[in-house]
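Q: Residue numbers (the working numbering), protein chains in the order written: chain A, 6 to 220; chain B, 233 to 310.
In case anyone wonders, no lab produced these hints; they're calculated from the structure. All residues carry an ideal CB built from backbone N, CA and C; glycine is no exception. Heads up, a few of these hints could be off.
To be verified - Example chain A residues on the side facing chain B (calculated, C-beta under 10 angstroms, incomplete):
#, residue
1, E79
2, L80
3, K83
4, K119
What the hints assert, rightly or not - Some residues of chain A that are not near chain B, with every Cβ distance over 10 angstroms (derived):
#, residue
5, I9
6, G13
7, L24
8, L27
9, K34
10, I40
11, D68
12, E105
13, L175
14, F183
As the list claims (entries may be wrong) - As a list, the in silico DSSO-like pairs of lysine-lysine whose alpha-carbon atoms are at most 27 angstroms apart:
#, chain 1, residue 1, chain 2, residue 2
15, A, K30, A, K94
16, A, K82, B, K302
17, B, K299, A, K152
18, A, K72, A, K7
19, A, K116, A, K159
20, B, K277, A, K72
21, A, K107, A, K91
22, B, K281, A, K140
23, A, K83, B, K299
24, A, K21, A, K34
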Amino acid sequence: MKVIEVEGRTSEDATKKALAELGIKDASKVSVEVIDHGKSGIFGFGVSRPAKVRIYYNESNEDIGDKVREMINELFKKMELEGGVKDIKEGENKVYVELESKTGSGLIIGKKGKTLEALQFMVNLMINNLTGSEKKIILDIESYRDKREKALKKMSREMAQKVIKTGRPLTLEPMNPFERRLIHLTLQNDKRVTTKSEGQGIYRKIKIFPVNNRK
Amino acid sequence: MNYSELVAYMVKSLVDHPDQVEIREIEGEKSTILELKVTKEDIGKVIGKHGRIARAIRTIINASATKTGKRVVLEILD
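Turn these sequences into a full structure, and let the hints guide you.
A: Given below as structure tokens:
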């Protein structure tokens, strides 16, 4: 539940203004509390006071998808990137957004997915701030997430093999929490190695240890 | 490429006082400097924990700047 306060000439006027601002068409979706009915000066005499209302509203979930689409298309336009939103699927806690771009998908993904990650982070923050929605927005393009997941699993297994063979621990490059979790999960059933995360923040990385030769 | 507009769009959607967001674009030969000014209370909202938000904004700007071959620097003034 969110609250805003709006002033207007009359309380009806203020309510209308508030609904327009929130982009809510159905007035029955909100509850209105009139704080001040206001006072109009007669023929310019006397002190006029604007009416003030307080609106309680729930950010309806149906609007989130549309807002996300609008925001991403606007961002792409401002970034001078060709493309936009291809498809949006809304789950209970998540919004999956599939992007498309004929010429710019590499740019949108960025090195090791850095740009896609930044875009996702920003869109989440902006939508959260503007609508109060707590749904997690996930951006994907050309099944990048799936491909990256498979590549990480494969890479981590290969690295584990190397650790087993040499008996020496290996440190992987820094990764975000999701990617680290994926690797911990991929290797947790392999009894010949253990995994640990080391370092702080964006520099946090996984180290794979051989089981017999653990330090 | 209008970087100010891109940054303004993102920053104004984050802060409590969008009307007090100021951006100055200083264009050089090889790089463009963007000076961002927000109210004191909003500074944390554009920097984020460990500079996470500032970093994301910079990453997005740099992705847009790749084509032009120019370096774009975002500075947050206080």
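Q: When the structure is checked against the list of hints, which entries are broken? Sort them ascending.
A: The structure conflicts with no hint, since it agrees with every one listed earlier.
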